[in-house]
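Residue numbers (the numbering used here), protein chains in the order written: chain A, 21 to 165; chain B, 2 to 164.
Do not take every clue at face value.
Taking lysine to aspartate or glutamate pairs in the EDC-like style, the calculated list, with each CA pair at most 20 angstroms apart, reads [to be verified]: (1) A:Lys40 / B:Asp51; (2) B:Lys53 / A:Asp61; (3) A:Lys53 / A:Glu124; (4) B:Lys104 / A:Glu108; (5) B:Lys53 / A:Glu45; (6) B:Lys53 / A:Glu62; (7) B:Lys104 / A:Glu62; (8) B:Lys53 / B:Asp120; (9) A:Lys40 / B:Glu52; (10) B:Lys13 / B:Asp120; (11) B:Lys104 / A:Asp67; (12) B:Lys13 / B:Glu93; (13) B:Lys104 / A:Glu69; (14) A:Lys53 / A:Asp23.
Calculated from the structure, these hints are not laboratory results.
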Amino acid sequence: MTDSKVALISQFFAAMPHFKALGMELGQIGDGKADISMAYDERFIGDPETGVISGGAVSALMDTSSGAAVMCHPTGTMGTATLDLRIEYMRPATPGQRITARAECYHVTRSVAFVRATATDEDTTRPVATATGTFTIQREKGVLK
Amino acid sequence: MSRRPEPVQVIKQRRDAALNSLVHGVPYISFLGVTFDRRGDELTAVLPFDEKLIGNQMLPAIHGGVTAAFLEITAVIGLSWQMLWNDIENGEVDEMALPRMPKTIDFTVDYLRSGLPRDAYARARVNRSGRRYASVHVEAWQDNRQRLFAQATGHFLMPQRGE
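Same shape as in the complex, but just chain A (with noise of 0.2 angstroms):
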């Protein structure tokens, strides 16, 4: 990926009004790749009891890392939206860590891409949850015949 590209999507971002919301950071990105991090916050807590992070952020995690794998697709994407995305919920995250959402962008055609995403907390080897999306493409013309 070029390294113009890389600046363009992440400005894209940082200027995002529910990514800066939630704190999320842009981590490592690189052709339909992206992984997208969040720090725990406990204004973001699901289960009182538990301090647990509630489904609904880790779903808007799992949607943000999801669509800048789009973006980040090498067959040039100018925008994209959501058609579908199914969660599953693997175990609760460990109250106090950071949750990491990894997507990867496994299959395009000119108006649909394919992303699958995990999300884990500082114990990599045990997910906390897997999600999988169809999104929308909008192509810059002339750019994918």
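Using the hints provided, position chain B relative to the given structure of chain A.
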């Protein structure tokens, strides 16, 4: 011997108190600004528009993750509410010690149109609720009840009594 029905205000107060402690116990619900309107046992979740909910600055549109979170909150609260309803009606709910919430197993969101920069509403329907598992469907709309902008289905693990 017949008992006189309780005064309406007493019933409403008890229902609203139970709903309040259910909703206000969850920090993330307050963070997104979601509130619940109650009419009898029917709940409508309300997500007032806020700048921080935007995911696409160009359109602008609500972040897909916000939509997913809003629908999931609606499903979890709707399911908890249905679970508690009989106890609330019998006056057996201790607002300070509400039972544990159901846990999401999976959640699938169908995005039908982009979320506009206005308030959004959602209602959950519990399609099945067993001792261990539940299946819940949620519909969300903005200006027109008939024009959904998203819907979702999820499976939940029910809290076990005494757990």
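- Message: Hint compliance check: list the failing hint numbers for this structure, sorted ascending.
- Response: 10
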